[in-house]
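Number of protein chains: 2
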Amino acid sequence: MKTLPGFRDFYPEDCARREFITGTWREVARRYGFVEYDGPVLEPFELFAKKSGGEIAGQLFEFTDKGGRHVSLRPEMTPTLARMVAARSRDYRKPLKWFSVASFFRYEKQQRGRLREFLQLNCDLLGDERPAADAELAALAIDLLRAFGLTREDFVVRLSDRRAWLAFLERKGHGADRAQDFLAIIDKMEREPAETVEAKLREFGCGLSEVRDFIANPADASPEISRVTRNLCQRGLGGFFEIDLTIVRGLAYYTGMVFEIFDRGRTLRALAGGGRYDRLVHHLSDGAADLPALGFGMGDVVLGELIAATPRARVLMETSVRTAGNIDVFVAVADETRRSEALALVQSLRDAGLRVDYPMGPVKLGKQFQSAELAGARHAVLVGTEWPGVKVKELATRTEREMSADAVVADLSSTAAVK
Amino acid sequence: MKTLPGFRDFYPEDCARREFITGTWREVARRYGFVEYDGPVLEPFELFAKKSGGEIAGQLFEFTDKGGRHVSLRPEMTPTLARMVAARSRDYRKPLKWFSVASFFRYEKQQRGRLREFLQLNCDLLGDERPAADAELAALAIDLLRAFGLTREDFVVRLSDRRAWLAFLERKGHGADRAQDFLAIIDKMEREPAETVEAKLREFGCGLSEVRDFIANPADASPEISRVTRNLCQRGLGGFFEIDLTIVRGLAYYTGMVFEIFDRGRTLRALAGGGRYDRLVHHLSDGAADLPALGFGMGDVVLGELIAATPRARVLMETSVRTAGNIDVFVAVADETRRSEALALVQSLRDAGLRVDYPMGPVKLGKQFQSAELAGARHAVLVGTEWPGVKVKELATRTEREMSADAVVADLSSTAAVK
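For the protein sequence lines, the chains are A and B, in the order given.
Each number in the working numbering comes from the position in the first sequence (counting from 1) with 10 added on.
Each number in the working numbering comes from the position in the second sequence (counting from 1) with 10 added on.
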């Protein structure tokens with residue numbers, strides 16, 4: 011029996027790869043002062059239907075539970091976050107800097123970079139409407155990728171601002187109510203024939219060349235986005251982004267800065283995407299709370315592909331994977347009559363926090379040393395006829411020392427602490 | 011809109027509590043040389059139906075997906091583990107020592123210690139049929155709880171062996187085919203009226219007093235369990251267990267040692283339970299693989315209740331929760347004209363791995379120090395008119411030093427490394 015299509019088993023080496031990614035995510039998010047939260051894997055169906063309309067609803071793993079409730083596996087984090095924040099926003103100092111690392115579920119057509127169960131990091135900053143907050147979040151997205159050994163040669167943040175298009179539309183005499191239809195044209199313009207785009211734009215009283223001109227000269231696209239880019243440059247993060255007004259993001263709820271991150275080679279899907287959604291908490295909480303907010307999501311699948319395709323990053327990951335299951339100490343039983351003493355020593359070493367293994371029955375000494383090497387042990391401790399004296403062997407250097415069993419724990423826990 | 015009944019939101023402080031539990035689980039499992047694996051949250055329905063028969067099937071969150079597949083959220087880990095091991099058992103050295111920390115889903119009646127989505131640690135040891143392996147696993151279960159600050163005063167492992175009952179049955183002239191029915195009587199005997207139990211036992215040609223005598227004198231219940239307890243004593247873990255033959259575990263697939271762990275006060279449900287299931291991999295893989303195996307599960311809900319009710323353990327947890335979101339350094343902007351330099355310094359400190367926060371806009375200096383204290387910062391760095399000189403304040407001692415901005419990163423990352 012196999013896994014369902016689009017679902018993954020994580021064997022220990024896969025799990026170590028996953029841990030490399032999620033551990034790095036957590037570490038960098040915490041450097042930015044973000045704290046972790048989470049919600050349920052299963053939620054009421056309406057929670058997701060309300061935000062996305064039909065967009066995501068067609069991809070939901072939804073069903074009726076044994077109590078007759080219409081429920082769904084979560085396809086994204088934002089509705090859960092908005093519910094949580096709305097319920098208790100007064101309990102936390104602003105701004106909230108919250109992140110989560112969680113599994114999501116979408117019934118999508120199987121294709122490269124898409125799975126039906128995937129991991130995603132979500133970082134959201136709530137309670138600050140200033141461009142400085144947009145810059146802080148964009149900088150976090152950049153540093154998250156840098157932490158994997160990826161550089162400005164490997165990826166680029168494509169920054170945009172919906173307000174630039176709103177201003178463009180206003181100059182054409184259109185109100186914000188037409189924005190969604192117009193942005194849908196921009197969103198698809200790179201994928202549709204020029205005539206189709208031209209025809210659609212005509213409804214808005216403008217031509218394709220005019221739109222292309224606007225996109226080609228984005229320097230002063232919006233005053234807010236200029237402050238974001240200036241801020242990023244002050245941090246030394248110039249070179250990691252481009253202004254690209256073709257990025258508008260599909261979802262209706264974005265209100266300001268939006269961005270997507272791509273590999274420089276443009277062979278993969280987006281690595282991350284997000285933006286500012288100042289009205290969403292208000293909308294999803296039926297007005298119970300109102301917080302300006304922005305956030306992004308970063309999935310594990312495309313990121314894993316980019317890491318695998320980038321030698322520097324791949325080496326970092328594989329080194330981490332190779333050593334993930336390593337133990338500190340292998341206790342070799344050289345004399346079976348001392349097995350009881352060996353067990354007590356194993357216990358003491360583990361109590362000191364060391365990772366320890368040993369043979370659970372009689373095994374030739376040569377084979378025990380082989381096991382020690384395979385387990386990546388730094389030290390082997392030989393328990394034999396010299397008891398209460400033992401031999402401590404450092405496996406990398408093959409150096410050997412003799413000491414009393416009492417001294418071993420202190421000796422080895424001090425060396426392990428500096429590893 | 012609320013969570014579904016039996017499901018939880020994890021606000022940052024709840025998430026820190028969860029991380030305290032799962033982080034401790036992972037650390038102790040690794041001390042024992044166990045490596046982490048995982049499987050999908052959603053699996054084919056038959057995977058779970060096959061193992062448990064009707065037992066768990068009534069509690070499944072099951073449905074038909076958009077592709078017409080009968081699927082279920084996982085209610086337990088063992089079937090997934092058995093599938094994974096059966097598919098690739100030749101790729102790994104024996105014994106396999108595997109653990110996972112994952113979410114499970116059961117549509118159960120709401121009651122104390124029971125949720126519909128819960129976390130569980132699963133530890134399994136596959137490929138070793140000796141009692142030494144049983145002891146290794148039982149020792150791990152004990153050390154997992156000790157790591158939370160729980161002692162032999164707080165919990166007890168109730169050890170049993172199904173083979174003891176098989177031998178008892180054999181003496182009564184019954185074969186192993188009657189074992190399941192007989193063990194069901196033992197399983198319920200503490201909860202049913204004596205007459206009911208007596209009547210059921212009569213079918214097996216024995217009386218309640220005879221069964222009670224057998225339970226009361228378990229010392230030589232089975233030669234294997236005696237070797238397990240001797241082994242545990244050699245590790246210094248005597249006093250953490252009792253032989254209790256009333257423990258038989260509900261599931262049909264156990265073949266040898268079984269155990270459950272309870273709080274000493276017996277006010278809570280079981281903290282953990284497991285045992286040896288030597289035939290299950292063979293059965294679930296339709297004979298594709300055959301490995302002796304044993305394992306246990308430990309949930310987060312009951313454990314959390316015991317920790318909360320045990321002062322020593324509760325203090326450990328709450329200390330960890332209180333400091334979980336602490337930052338290392340707060341960069342205070344004392345002079346807004348130096349904001350650009352402050353941002354660059356923030357970036358350098360974060361690049362060095364430090365957790366750093368700062369105000370995203372103009373704030374009075376007194377208020378900035380208040381933010382630094384609330385964020386649990388060890389140091390505040392003042393960026394002001396003295397630039398490129400800065401003041402570094404250690405918040406606990408209120409001591410202040412002046413140094414050049416260039417020197418701050420090296421200075422603070424060295425102090426952070428020893429924390």
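Think of the hints as simulated: they come from the structure by calculation, not from any bench.
Backbone N, C-alpha and C define an ideal beta-carbon position, used for all residues, glycine too.
A few of these clues could be false.
List of simulated lysine-lysine pairs, DSS-like, C-alpha gap at most 25 Å [what the hints assert, rightly or not]: (1) A/K12 to B/K104; (2) A/K60 to B/K76; (3) B/K104 to B/K76; (4) A/K76 to B/K403; (5) B/K377 to A/K119.
Covered stretches of chain A (chain B as the covering partner; in silico rule of three or more C-beta atoms under 8 Å from a C-beta of chain B) [unchecked claim]: (6) 308-316; (7) 364-376.
Chain A is faced by these chain B residues, among others (derived, beta-carbon under 10 Å) [what the hints assert, rightly or not]: (8) L52; (9) P54; (10) R98; (11) R100; (12) Y117.
field: Coverage of the region 308-316 of chain A by chain B, judged on three or more residues with CB within 8 Å
entry: As far as the region 308-316 of chain A goes, the hint is violated, because 0 residues have Cβ atoms under 8 Å from chain B.
query: Any CB of chain A closer than 10 Å to the CB of B/R100?
result: violated, 13 Å
query: Would the pair A/K60 and B/K76 pass a check requiring their Cα atoms to be no farther apart than 25 Å?
result: holds, 21 Å
Interface hint for B/Y117, Cβ within 10 Å of any Cβ on chain A: Hint holds; B/Y117 Cβ to chain A Cβ min 5 Å, cut 10 Å.
task: Report holds or violated for the interface hint on B/R98, using the least CB-CB distance to chain A and a cut-off of 10 Å.
output: holds, 7 Å
- prompt: Are there three or more residues in the region 364-376 of chain A whose C-beta lies closer than 8 Å to some C-beta of chain B?
  reply: holds (count 6)
- prompt: Hey, does the B/L52 contact hint survive, CB to chain A under 10 Å?
  reply: Where the cut-off is 10 Å and the nearest Cβ of chain A is about 6 Å from B/L52, the hint holds.
- prompt: For the pair supplied as a hint, A/K12 and B/K104, is the alpha-carbon distance within the 25 Å limit?
  reply: Given that 25 Å is the threshold and the Cα spacing comes to 23 Å, the pair holds.
- prompt: Within 25 Å, alpha carbon to alpha carbon, are B/K104 and B/K76?
  reply: violated, 40 Å
- request: Below or equal to 25 Å on CA atoms is what counts here, so check A/K76 against B/K403.
  value: Not OK: A/K76 and B/K403 at ~59 Å, beyond 25 Å, violated.
- prompt: Is B/K377 within 25 Å of A/K119, Cα to Cα?
  reply: Distance of about 52 Å is beyond 25 Å: violated.
query: Holds or violated: B/P54 as interface residue toward chain A, Cβ cutoff 10 Å?
result: holds, 6 Å
Hint compliance for this structure: hints 3, 4, 5, 6, 11 are broken, all remaining hints hold.
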